[in-house]
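Number of protein chains: 2
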Amino acid sequence: MPAAHHLRPLFQPLSVAVVGASREEKKLGHIIVRNIIESGFEGKVFPVNPKAEAVRGLSCYPEYSALPETPDLAIIAIPAAFILKTLEQISKKGTKHVVILSAGFKEIGDEGIKLEAEIVEYASKKGMYILGPNCLGFVTARHPINATFGQGIENTGNLRFISQSGAIATSIFDWSAFTGVGFSDFVTLGNKAVLAEHDILEYWLHETPLGSSDAELQGYHPVGLYLESITDGKKFLELAQKITKNSPMFMIKPGKSDAAKKAMQSHTGSLAGDDVVLSQALDEVGVIRCEGLEDVFDLSRLFAWTKAPTGPRIAVISNAGGPAVMSSDIIAAEGLELAEIDAATHRKLEKHLPRAASLVNPIDVLGDALADRYEQAIDTIFDEASVDAVLVLLTPQVMTQIEETASVIARLAKKHPKPIICSFMGGSQILKGEEILNAAHIPSFRFPERAIRALGKMWWWQNWRTEQEFAPAKKITSAPTKNLTTNHISKILKTAQKQKRTTLDNFETNTILDILGLNTPHTAVVKSFEEAELFTKNVGAPVVLKLSAPGLLHKADVGGVIAGIRTRDELKKAFSRLETASKKLSKKQDFSIQIQIQQQVESGIEVLVGIKRDPTFGSIVLIGAGGSLAEMVGDTQITLAPKNSSELKRLLGSTKIGTLLSGYRGSKAYAIDQLLEVIVQLQSLLHHDQLSEFEINPVIVTKDTAWVVDGKAVLSSTDS
Amino acid sequence: MPAAHHLRPLFQPLSVAVVGASREEKKLGHIIVRNIIESGFEGKVFPVNPKAEAVRGLSCYPEYSALPETPDLAIIAIPAAFILKTLEQISKKGTKHVVILSAGFKEIGDEGIKLEAEIVEYASKKGMYILGPNCLGFVTARHPINATFGQGIENTGNLRFISQSGAIATSIFDWSAFTGVGFSDFVTLGNKAVLAEHDILEYWLHETPLGSSDAELQGYHPVGLYLESITDGKKFLELAQKITKNSPMFMIKPGKSDAAKKAMQSHTGSLAGDDVVLSQALDEVGVIRCEGLEDVFDLSRLFAWTKAPTGPRIAVISNAGGPAVMSSDIIAAEGLELAEIDAATHRKLEKHLPRAASLVNPIDVLGDALADRYEQAIDTIFDEASVDAVLVLLTPQVMTQIEETASVIARLAKKHPKPIICSFMGGSQILKGEEILNAAHIPSFRFPERAIRALGKMWWWQNWRTEQEFAPAKKITSAPTKNLTTNHISKILKTAQKQKRTTLDNFETNTILDILGLNTPHTAVVKSFEEAELFTKNVGAPVVLKLSAPGLLHKADVGGVIAGIRTRDELKKAFSRLETASKKLSKKQDFSIQIQIQQQVESGIEVLVGIKRDPTFGSIVLIGAGGSLAEMVGDTQITLAPKNSSELKRLLGSTKIGTLLSGYRGSKAYAIDQLLEVIVQLQSLLHHDQLSEFEINPVIVTKDTAWVVDGKAVLSSTDS
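Chains as they are written, first to last, in the working numbering: chain A, 1 to 720; chain B, 1 to 720.
Derived by calculation from the structure, the hints in this document are not laboratory data. The beta carbon of each residue, even a glycine, is placed where N, CA and C say it ideally should be. Hints should not be assumed to be uniformly reliable.
With a straight-line cut-off of 25 Å between C-alpha atoms, the simulated BS3-like cross-links for lysine-lysine are [unchecked claim]:
no., chain 1, residue 1, chain 2, residue 2
1, B, K583, A, K668
2, A, K498, A, K537
3, B, K27, A, K546
4, B, K414, B, K351
5, B, K27, A, K432
6, B, K414, A, K573
7, B, K106, A, K351
8, B, K85, B, K126
9, B, K106, A, K668
10, B, K351, A, K656
11, B, K432, B, K351
Here are some chain B residues the structure puts well away from chain A; computed CB gaps all over 10 Å [to be verified]:
no., residue
12, E107
13, H143
14, S171
15, G322
16, G517
17, I672
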C-alpha cells in the first residue's frame, strides 16, 4: 500500500458533515444525506442545520464548530453567498476536504466570479482541497459512498469517470442503472475552482495504480472523461501517458466550433486550430477521443465488460447476409480486419452449418438458424487462431431464438478468453435478448456499426499500447538543449517586443535563421538599383526582389515578390516597380518598407514548417505542403514539441508532401534529413518565451539540400 | 385516379392463393396464411396443399388448377425445385402476379442459378410479374395485407420501404412495433429475378403520386431503401428524381470495401471507385445516402413523424450546458445553424427563465427546470421568426419532470407548425418520457448528435428540393449531339478493338484530340535525330520527347518523358537516351515503341479531366488536380455525364484546383472557359461504345488557354 494520498480523506472519508442538511425531501440538502446513508457508507454522518433537530434520523448540529469531532469531509449545500463564512468555520475545526454542491459562482457572471475567487484564495491560504463548486459530488464503490445528489451508480464495476458536467453524470447514472454497466468511481468537477481533472487522475494513479493486479477481469481500470476545458494540459498529458500504458482512457470535449471561430492571427494559426492540437495531443498519449456522447456510452460499455482484442482480426457471425456485408465495410473503415478462416476451421464449420451457409468470414448461419447453430459456429470460430475477436449479429427472423441465442453467447463467452460483442437489431423482441447479454456483461449494440466502431477504438488503444512498449520513452515536457547563440536571438526578440511590435521584419527573421545555422540564400537590403546590381553580380542570377516590412506577413498578397530576375533590364524594371509600391504602401501604413534582394534558389518541393505555442499543451510543430499549395492541399500535420529527428520523420511520412519528398513514383528522394534538421533547429527557438510562433514557408527541398527561404515570426503579447 | 398499373393486382389483390399452405404452425406456409388473415385482408384466401383438408379454417385445394376462380395473386412457399412446374399451373389458370418466398435459387450457387434462370425465362414468356424468390414478401396498409412470413408492420403511417434483405425487414418490423413508427408499404425484393426496386418505385409513383395531396401531415410519402445492388441505375435515377421533388428518399447500400478491392485498370479507375459514383449519383438526384443502419432507423423515425424544416436555423433548449455546447458543434458540422434569437424573444424568455439561465441559443433552462419552465421556453422560441426547428435536450436530473416535460412537448408540437425533435439522455428513467413522445409522434433520439445528424440530412433534402424548383430541368439520360467528325474516331476505335488492344497509342489519342478541335501542342513521331531537329526548328524550342506505345499508360513511370529540351545538344542526348530505352523496352514487351516529339507549352496549372463508363449509371466526368499532384492532392470530383458548361463550372468550383484556377489570392484567373470547353468536347466521345474511358492528364491551363497535353484512352472489352 503506498503512502496515503492527500486526497484520500476526500474520497475515502471516515466521517462526513453535510452543511445545509435539510428535512425537505426534495432539497439537495436532504437528498445528499439520504444518498450517503443509503449508499452503504460505513462512517459517521453529521448533518449541520441550525433550524432542524434531525435529518433522516440523524441528530443535527447547529453549526460546524458544534460538531463532536473533526469530520474528514465537509459537503456544502447552502447558498453561495454564505459559503466563505462556512469555510472559515470548517477550516477552524480542522477539516481540509470540502465538496461544494452549491451553484451561483463563476457560471452566473461577475458577482459569482468574485465569490469564487474569494473561495479559491481562502482555500489556498488554508491548504483546503475543494471539489466544485457547482458540481454533483462524487461516488465511489470500493469505500462505498454516494456523495452526490443524483441517482448515483447502482452497479459496481471497474470503470472510473470524471465529468465536468453534473447533467452528463445524471444521464450516465440512469443509463448505468438500465444496462448494468458498473463503475468504481465517478467524480463530477463543476467549476474546478480548486481541484481539476489532473488532481483526480493523480489520486487514482497513486491510490490504486491503474492496471495493477487487483483490477478485474480485463486487467485494467478504464477512465472515461467528459471535460469542457483542460486545466493543465501538460500535467494532463503526463498523467494520461502513465495511465494509458495499462488502462484505456477515452474522452469527450465539446467546443470544436467555438475554437474554429477564433480569429486567426496568421496563416499558421488557421491551419492548427486548438481543437486539432487537442486531438493530436490525445493521440500521442494514447487517449481515445470520442466524437459524440454515443461514443462515450459505447466505450463505457465495451471497456467495462470486455478486454481489448490482442489483434485487429474480427470474425463476424450473422443470421443475415445484409448486415454482414455492411459490417465488412465498417470493419475496414475502422482500422480492423476480417479474420481469414483456415481450412481446418472451415471443415469444422461445414459439419455444423447447412450447405447454403456462407463459411467465408463474415459467416452467414442463415435466417433459419436456431440457437444451436449459432452455438456451433461461435464455438468453432473462437478456436480459430486467426480470430482476435468475435462479433455476433442477430436479426429477429421468424425462427430466431433470441433469448436462447443470448444465453448461448453468455455461456461461450465464459468458456473462451477472446472478446465477443453483439448486435441484436430490432426493438421489442430483441430487448429480452439484450437483457440476458447485459446480465452476462456481454457488450451489445443496437447497430453493427456502433459495435465495430467501438471495437476499432479499443483496438487502436491496444495497438498504441503495444507500440509504446517497444518504442523509446518519449519526453513530452523537456525542451531541447540551450543553444549557445541564444543571446543574440534574445536581444532581437526583446528589442522588437519593447517596440510593441507583434512580428519581426525579414531582416531580423533572416538573422535568426542564420544564427540557427540554416541554409538561407544570400540576402541583402538594397537602397538603390546600383546596390541591387552589385549584389546580383556577386551571388549570380537569378535573384528575387521582395518588399520587407514589419507587420507585412503575406508579402505575396500585395504583389511584393518578383522572382526569376535574370537580366540587368529585368532587375531595373523590378526594382522600380517595388520602389513605387513601397512608396505607396509606406504612405498608407505607419511603418517603413525596405527592398530586399535574395539569391534565387534552384527549384524543389516547397514545404511549410513551423513552431507555435499552444495555450493548453505548451508548444507544437507543424509540417506540411508549402508555398501556394499550403492552403489548397490542406496537408499540415502537427505534433507536440519538441520531437527528435526520427519522430519528425514519422510525422513527415504521414503528410502528402512527405510522399512527394520520399521520391514519388520511383524518382530519387529529396533531402529529407536536411529538412528534418531545419525543424530540429527551429524547435530550439521554443526557449524564447517572447516568440509565439515561427513559420518557414517555404523550405525549398531539393535533391541535395533544404533552402530556408522565407521565415515569419510572431511575438507573444507583452502582457503575458 | 390514374389507369390501373400492371402491378396493382400484386399489391392490391382481391384474392390470394397460397401454394404450399401448411397446417404446421412453425412453417412458412402456415405463417403466411395466418398473417394474411390476421392483417385484415378483405379479399379471398385460397390455401393450396394436396395433403391438407384445411389451413386455419380455410378449405384447402389440392392443386392450383382446382381453384374455384382465378386469384389475383399467387404466393409460393414450396421447395425451389417444384416451383417451375407450379408456375405453369398458375399461368394456365390466368394468374399473372406471383410472390416466391422460397429460397434455394441464385444465392446457393450454380444449381440455384439455373433454376432461377428458368423461372425468369418462363415469366418473361408468359408475362408474369414475380416478386422474389428468396424474399420475405410485402405488406401494405392501405389495402391491408401482411403478405410476409414476418411480424409485419403493426403501425400504419406514411413511410414506404423497399428492402432487398428480408432480415433487415424483420429488424425494422420489430423496431416499428417498439417505437410506433408506421409504414404504409413495405416490400422485400429478395433475388430480384423479375421485379426490381425501380418497378416498385414506378408503381408507387403511378398509383399514389408521392407527395400528392392525400399524403399525410408532412405532405409527403418518404421512401426508405435497403439495396445491395441497383438493377438499372438509369431508371432508378430517373424515378428517384421524380420522387424526391416531393418526397424524401433515403438509402443504404453496403459493399463499399468490396468496391475498393476491385482491381484498378488505370489511374482514373482508382480515383473514381464505383461507390463514389453511387454517392455522387444519389447526391445529384436528391437521395440521402445513409452510412449505417442507425441512419436508416433515425431517418425513418424523423421522416415518418416530422416535416422537413423550411430553413437550417435550429433553436436548442436544454436543462444542461454540456450537451448544449456539444450540440452547437454538431449543428455546425451537419450544415445547420444556431438560430439567432431577437431582442423581443429575448425579453420574453427573460420573463420566464431564472437569472442564471442562458438566453442565448443554445438556451439553458438550468438543471432545476420543471416541465413548466421547458414549456415557457419552447412556446416562446417556437414563435421566434428566425427559428426553423426546435431541438429539446433533457438530462434526468434530480428535479427533472421527465414525463411531464414529454407531455408538454407533445402538446406544444400540436400547437406549432414547426418541427420539434428531442433527445432525452439516459436509460431507465427517460424510457417513460420516450414512450410519451413516441405516442405523440415526436421524434426522440438517445443522443443529441443523432437527432442533429438526422435533422441535417432532412434539411439537406429540403434545401436540394427548393434549389431544384429554381434550377433549369436536368437531363440525366440524354447524350450530347452527334459530332460530324465521328466517323474517323469510330474508325480508329474499331481498328484498335479488332486488334484486341485495350488502349490507344499516343498518336491515335492525339488524332482524336485534334478531331475534337482541342488545343494540342504540335506533335510528331520521329524516327531519327534529324527529324527531331527539323521539328524543333519549325515549332520552336523548348520541346518534349516521349516514348509512345500502346499499353504504356504511365509513361513518366518508366522515364519515358524528357521535357525542357532547348538546345541541339540537349535534343541529341535526349533522343539517344529514349532510343536506347525504347530498344530495351521493345525487347521485353511484345509491342513496338515509337519516339514522339512535342512542342512544350508554357507553364500553367495542371488539371486532370476524364470521362469514364460506369456499369450502373452510364457514364461520368472527372475533374481534379492533374500532373504529379493528382494523387497527392486527392482532389478529383466526379459527376454523372453529360453535363453542360455551367454545370461543369459548378463542379470545378468544388475542387481545390478550381480555387487555384479562379485566381488564388487575388491573382488573375486562368482560362477556365477553355478548360470547360475541353470537357464538353470530351463528353462527345461517350457516343463511342468502344471507349471505356478517356483521360487527359494534364490539361495545362494558362491565363489565356487550355493546352491538352496527354490523353489516355481505354477501350471497352470486346466481349461486351
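Each hint tested on the structure:
1. B:K583 with A:K668: Judged against 25 Å, a Cα distance of about 24 Å means the pair holds.
2. A:K498 with A:K537: Distance of about 38 Å is beyond 25 Å: violated.
3. B:K27 with A:K546: violated, 86 Å
4. B:K414 with B:K351: holds, 24 Å
5. B:K27 with A:K432: Holds, because 24 Å separates the two Cα atoms, which is no more than 25 Å.
6. B:K414 with A:K573: violated, 75 Å
7. B:K106 with A:K351: With a Cα-Cα distance of about 23 Å, the restraint between K106 of chain B and K351 of chain A holds, given a limit of 25 Å.
8. B:K85 with B:K126: holds, 13 Å
9. B:K106 with A:K668: violated, 52 Å
10. B:K351 with A:K656: violated, 56 Å
11. B:K432 with B:K351: violated, 30 Å
12. E107: For E107 of chain B, whose nearest Cβ neighbour in chain A is about 7 Å away, the distance does not exceed 10 Å, so it is violated.
13. H143: At roughly 23 Å from the nearest Cβ of chain A, H143 of chain B sits farther out than 10 Å, so the non-interface label holds.
14. S171: violated, 4 Å
15. G322: violated, 3 Å
16. G517: Non-interface label stands for G517 of chain B: nearest chain A Cβ at 31 Å, farther than 10 Å.
17. I672: Non-interface label on I672 of chain B holds, nearest chain A Cβ at 16 Å vs cutoff 10 Å.
Of the numbered hints listed earlier, those contradicted by the structure are 2, 3, 6, 9, 10, 11, 12, 14 and 15.
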